[in-house]
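Asker: Read top to bottom, the protein sequences are chains A and B.
This note's numbering applies: residue 4 is where the first sequence begins, and numbers increase by one.
This note's numbering applies: residue 5 is where the second sequence begins, and numbers increase by one.
The hints are simulated quantities; they were obtained by calculation from the structure and are not laboratory data.
Note that CB positions come from ideal geometry on N, CA and C, so glycine has one too.
Not the full set, but computed from the structure, chain A residues with beta-carbon under 10 Å of chain B: (1) 308; (2) 309; (3) 313; (4) 314; (5) 318; (6) 320; (7) 321; (8) 324; (9) 328; (10) 333; (11) 334; (12) 409; (13) 410; (14) 411; (15) 549.
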Amino acid sequence: MFSFLATYYRKGIIRYFERNTLAKSLTLTAFLVVLGAFAALVHEGFYYGFLYITRDAFFGEAVSIYIIELFLLISSFLTFSSALVSGVVSLYRDDDAGLVLSSPSYTLKPKIVLVRMFFSSLWPLLVVIVPALLAIMRVFPLGVMGFVAALFAAVFLVFIAVQAALLVIYFIAAILASLAIFSRLSVMLSTTLLFLCSTLLIANQFRSIDLVDFFQARLLSKDVPDLAPILEQFNLFPSHAVTMIVYYSEQGMVASVLLSLGALALLSAFLFTVFMFTIKRHLPYWQIAQEHEGAGKHTRSGFRGATLLMNADRPLRALLAKEFILFVRNVRGMLWLAFILVVWGIQSASSFLLTHGLGDERVSGVALPGMAMAFQFALITYFVSMFALRFAFPSFSEERKSGWVVASTPLRRTSVFRSKLYFFSVLFSALAILFTLLNASIVGITGAMLLFLLLFVTITVVTITTYALALGALFPNTETDDPEVLSTTLPGLMFIAVSVFYGIAGALAFRGYFASGAIASVLLYVTFSIVTVLLFFLVTKKSLERK
Amino acid sequence: MLTVTHIVKKFDDIAAVNDVSFSIAPGEIFSLIGPNSSGKTTIVKSIAGLLQVNGGTIWVDGHDVAVSPKEAKAVIGYIPDEPSVWGSMTGEEFLHFVGALYGMSPSQRVAKINELLPLFSVTGTEKDQFQNYSRGNKQKFSILAALLHEPKLLLVDEPIVGLDPESAAIAKKLFREFAKRGGAVLLVTHTLPVAEEISTRIGVLKDGALLSVGTFDELRERAQGEVGATLEQVYTALTKVR
Numbered sequence: 004m005f006s007f008l009a010t011y012y013r014k015g016i017i018r019y020f021e022r023n024t025l026a027k028s029l030t031l032t033a034f035l036v037v038l039g040a041f042a043a044l045v046h047e048g049f050y051y052g053f054l055y056i057t058r059d060a061f062f063g064e065a066v067s068i069y070i071i072e073l074f075l076l077i078s079s080f081l082t083f084s085s086a087l088v089s090g091v092v093s094l095y096r097d098d099d100a101g102l103v104l105s106s107p108s109y110t111l112k113p114k115i116v117l118v119r120m121f122f123s124s125l126w127p128l129l130v131v132i133v134p135a136l137l138a139i140m141r142v143f144p145l146g147v148m149g150f151v152a153a154l155f156a157a158v159f160l161v162f163i164a165v166q167a168a169l170l171v172i173y174f175i176a177a178i179l180a181s182l183a184i185f186s187r188l189s190v191m192l193s194t195t196l197l198f199l200c201s202t203l204l205i206a207n208q209f210r211s212i213d214l215v216d217f218f219q220a221r222l223l224s225k226d227v228p229d230l231a232p233i234l235e236q237f238n239l240f241p242s243h244a245v246t247m248i249v250y251y252s253e254q255g256m257v258a259s260v261l262l263s264l265g266a267l268a269l270l271s272a273f274l275f276t277v278f279m280f281t282i283k284r285h286l287p288y289w290q291i292a293q294e295h296e297g298a299g300k301h302t303r304s305g306f307r308g309a310t311l312l313m314n315a316d317r318p319l320r321a322l323l324a325k326e327f328i329l330f331v332r333n334v335r336g337m338l339w340l341a342f343i344l345v346v347w348g349i350q351s352a353s354s355f356l357l358t359h360g361l362g363d364e365r366v367s368g369v370a371l372p373g374m375a376m377a378f379q380f381a382l383i384t385y386f387v388s389m390f391a392l393r394f395a396f397p398s399f400s401e402e403r404k405s406g407w408v409v410a411s412t413p414l415r416r417t418s419v420f421r422s423k424l425y426f427f428s429v430l431f432s433a434l435a436i437l438f439t440l441l442n443a444s445i446v447g448i449t450g451a452m453l454l455f456l457l458l459f460v461t462i463t464v465v466t467i468t469t470y471a472l473a474l475g476a477l478f479p480n481t482e483t484d485d486p487e488v489l490s491t492t493l494p495g496l497m498f499i500a501v502s503v504f505y506g507i508a509g510a511l512a513f514r515g516y517f518a519s520g521a522i523a524s525v526l527l528y529v530t531f532s533i534v535t536v537l538l539f540f541l542v543t544k545k546s547l548e549r550k
Numbered sequence: 005m006l007t008v009t010h011i012v013k014k015f016d017d018i019a020a021v022n023d024v025s026f027s028i029a030p031g032e033i034f035s036l037i038g039p040n041s042s043g044k045t046t047i048v049k050s051i052a053g054l055l056q057v058n059g060g061t062i063w064v065d066g067h068d069v070a071v072s073p074k075e076a077k078a079v080i081g082y083i084p085d086e087p088s089v090w091g092s093m094t095g096e097e098f099l100h101f102v103g104a105l106y107g108m109s110p111s112q113r114v115a116k117i118n119e120l121l122p123l124f125s126v127t128g129t130e131k132d133q134f135q136n137y138s139r140g141n142k143q144k145f146s147i148l149a150a151l152l153h154e155p156k157l158l159l160v161d162e163p164i165v166g167l168d169p170e171s172a173a174i175a176k177k178l179f180r181e182f183a184k185r186g187g188a189v190l191l192v193t194h195t196l197p198v199a200e201e202i203s204t205r206i207g208v209l210k211d212g213a214l215l216s217v218g219t220f221d222e223l224r225e226r227a228q229g230e231v232g233a234t235l236e237q238v239y240t241a242l243t244k245v246r
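Produce the entire structure from the sequences given, and follow the hints as far as they go.
Answerer: Right, here's the structure in full:
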């Protein structure tokens, strides 16, 4: 069956390139170039970062290990969390699974979910991990064998994270079923609750750290800090084994490398065995999930946003109300929203940790205005891009089946674009402003800087939203309306790559202005943003009206 | 009310509709019948403004659909073959949404919705979400949505698929009454007994071309069918001739 599916996907790719081959090949090439440039940027960032750190004879080794531990922990936690969100939605969904689940090969569904989630989690991680490992290899004596071992360990880590997420969902489902309260919604809510609790637990592990004490910075009797407290801090997490493989490889401890790699492989195999055993119970849970989906359990009035639509006195207001209703009632979308917000929260918490964990040596953003603000700006752009990729970009393709409703009315199709643009711009701007204020209060920047940052952020959010919607409207996908699949299509990946670069350009313009008062780059960035918005609006308008 | 002149619709190089012409006067129920892939839905979607024709013209109430789509669409009520609506929207919200897009005020919508809901006995289900409706109920709400703004032309693609016998009878009665009040109905179906029962004229479509147009009696005559022959027999004879 898997070979059949592999052939199906392979043929799908060939079919994709059969029409408009040149344009699609150019898009793919551009995407690969952007991806390569992104990987190069990650590599250079790590390389110069590690090079800088190792110059410090006292902190060098300890801080490097700490950074690798933290990086791998966050990466694996994000993989686990996104697998949790994807899994809880896709395991019990009634899409095209009915055919598979009515056949004797019904356990194929969770297996496909596992394989899909593994590969979709693996490649973005590799885009970051491979350049990071190459940077480590250049700075530290990692060696080729150490690099290969660490790479294998990272692949095992992804496999463990994805399997753990699915097992957690099955565990929750089993508990809920035994309490006779199992439903799609109860699994989603319980998983979300568990996710939030585990996030808080992990955050708590690091919240109270005083980095000065942690690295024994005031202990004049020591030549280098003791690594034990750092390693103890992380030894609960599977990502620790990957760090240790890097560390042992640097030290030339081959036996320890193999032992750690073996431990990861064993854990993967154990989880896989449990998974294969657990999926035998998939069908009854799926059946119950469908019962609650359909007849009998009708949810009554009092839905969020109902009055907005009923009181809409103009077509555009009705469209806006529709966008609001569909957004707030989309449980799956809300889970993703919560997931991205939690990740954003983790980033804000790490800012808090860095500024408050330094005790008396605390450095405020005012001391490093350009750097601190540029960093904040780049992060905000990244998170807004994630929201736009998940919600704005797929919104036109998601409506392909119900598109007839608006298309058959006297309303211009541009109105749909406008309503989506207004709705998502306001929503994303509100979130961006909220997090800007939160981060500004943590880092501590002046009022003028904050005002400038807020203005800059709003312009950027509107540009990214327009770009996402325009791309989604110009290249609607006729094969799927699944927002998760749509987000990983070529135009979707192209969107995120270009957005990240746009964000970096904005951050650099920002830094230039605050570091040396260079206003030209800021003006160029703002002009570029406004022209981009207008251009995308006009091109999309023309395209939609022609359809 | 509707005049279709020599329309052609191609998908890539394949002609789904090839030089089709017909017209429907107010008070008429015109049925287009034909096998799968004969171009029925393509014609309806072109009239509704969901597809752009490659040739020919479509006039609705004196407005060219290509030149004045806004004016043309304002007098059309469209019922698709697949009543897909956003699952998290309730039936009542859907009716309000469609009404608002046609420029109806909230009070006008409330009055009209209260008048329409009892027609299909769906009062009480309007606050359920679409994802909880059966196919039949989705179809009923899409029919009500098409009638909401009091159109002059109804485009109905497969009117009774998914409807129970009682609701199918109600739908047929609704279309008849609509025509009796001066409206024009274009019915697209391969449920031949429905076409036979309520149509004033019928067009037989095959491979994108209109083979024959006329009243049922005229078609029977052309097909050299016996008195009492059903539309199915007439249809078989007409499509075999070609």
